[in-house]
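K.L.:
Listed here are the chains, written in short residue letters.
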Amino acid sequence: MAEDTVTIRYFARLREELDTDGESVPCAGARTAGDLLAQLASRGGPWQQLVEGQPVMIAVNQAMARPETPVQPGDEVAFFPPVTGG
Amino acid sequence: MAEDTVTIRYFARLREELDTDGESVPCAGARTAGDLLAQLASRGGPWQQLVEGQPVMIAVNQAMARPETPVQPGDEVAFFPPVTGG
Amino acid sequence: MSEVRVGEADFDVAQEYARLRDSGGGTGAIATFTGLVRDSGDLSGVTGLYLEHYPGMTEQVIEDLIRQARERWQLRAVRVIHRVGTLKLTDQIVFVGVASAHREDAFAACQFLMDILKTSVPFWKKELTESGEHWVEQKDTDVRLGDRWGE
Amino acid sequence: MSEVRVGEADFDVAQEYARLRDSGGGTGAIATFTGLVRDSGDLSGVTGLYLEHYPGMTEQVIEDLIRQARERWQLRAVRVIHRVGTLKLTDQIVFVGVASAHREDAFAACQFLMDILKTSVPFWKKELTESGEHWVEQKDTDVRLGDRWGE
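Chain order of the listed sequences is Y, X, V and B. In case it helps, the working numbering puts the first sequence at residues 1 to 86. In case it helps, the working numbering puts the second sequence at residues 1 to 86. In case it helps, the working numbering puts the third sequence at residues 1 to 151. In case it helps, the working numbering puts the fourth sequence at residues 1 to 151.
Be careful, since some hints might not be right.
[To be verified] Heads up, incomplete: computed chain V residues facing chain B, CB under 7 Å, no partners named:
(1) T34
(2) R38
(3) G48
What the hints contain is simulated information worked out from the structure, not anything from laboratory work. These figures come from a predicted structure and were not determined experimentally. Glycine included, C-beta positions come from ideal geometry on N, C-alpha and C.
Throw the hints in and build the complete structure from the sequences for me.
P.N.:
Below, the structure is given as structure tokens:
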């Protein structure tokens, strides 16, 4: 993983609908998880659901996070639907 | 059991302190469980605890009851300390 | 489907759980509670308990509690076991197990049955220690927990 | 004493109960919850579930929940197991077991852990039926039950 990227992971319905379980994206300077979501959504098509419709939960470095949570290069950021375990 | 008596049963601490697990007592006409308690307490000594000090629970015919619950000849009346199972 | 047992015999939680689980494809939730003899209660250094009950009445009152629970919650199976006689430290005393479609109903009914067992079913516990024995007093907490279910 | 297991393997409630019981003479109360695959959820005619999770994060979040539970209640042993992968009707999905001196603490911690598992731990369920499959939606009830514990 290059130092100027973040690793993105997708789970469950999002993983299926985006047809990928993850990717590396460039991340220059200070960003938030919400900035990343908006950047990915701008790809259009199924990616728009990241900011529209059903809520998306966020984890940064495997801890629950919010759109305003800062993201640094090297971080692992995950986007997924509301959880339904138990 | 004669038709003009009620069967009394004592449990747990009361059984031990009264030194009996039960007896038959005369019960002419309409009575309440509370009347019976007062009659037994009038024996004095350990029997006074039936109306003084720690509360006494009552069952009539194996259902939880109150001092005002009517008692008929032939009934089974039980007096016991607050329950502590579970 | 429900079963009530009161007696001296010990019980096997694995077997009770297996019967709760065997309550059909609609069962999604099983809540159980087991009470054990512990080393301190009203007294410390408890080595055992003596449990007395009112035979006949006990079973009827528990059956009635299960009827009430079935009116309040959707239950698929209920099992209640309560031991009597002399028990030693770490012995099992009581088991309440409930199977339901949903966890809220299973938890609520299991707690309801335990709470009411403590306040309205004719069982009495005596604590046994090296230095003597003592009839357990009814706890204010237990009365409060019992009262929360209304009547 | 606590243990967390997340994986495909089934679990044996008897063994889990035995370990909870083996938590010393101060244990007076054991509360357990088991979740099973049931025949209807969002869909009817459910024949199985597929369970996905976020490996690594899942275990950490559960360990943290157990720490929170131990701060709120006096607990002597906690065991949490959650299965992933493909499960069939009536299979066991999840087990939460808590041993404590007192039943209030055991029940509360067991419910807390189940409620928060449903709303804050990265597991996702897909229902499988003869005619198709469907990612389960998060329930308002589950959100409400999770929220009651504050944060």
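K.L.:
Decide, hint by hint, whether the structure agrees.
P.N.:
Do the hints match the structure? See the list:
1. Given hint, T34(V) at the interface with chain B, holds; its Cβ is 5 Å from that chain's nearest Cβ, closer than 7 Å.
2. Taken as an interface hint, R38(V) checks out: its beta carbon lies about 4 Å from the nearest beta carbon of chain B, inside 7 Å.
3. The beta carbon of G48(V) comes no nearer than 11 Å to any beta carbon in chain B, farther than 7 Å, and the hint placing it at the interface is violated.
Hint 3 from the list above is the single one not met by this structure.
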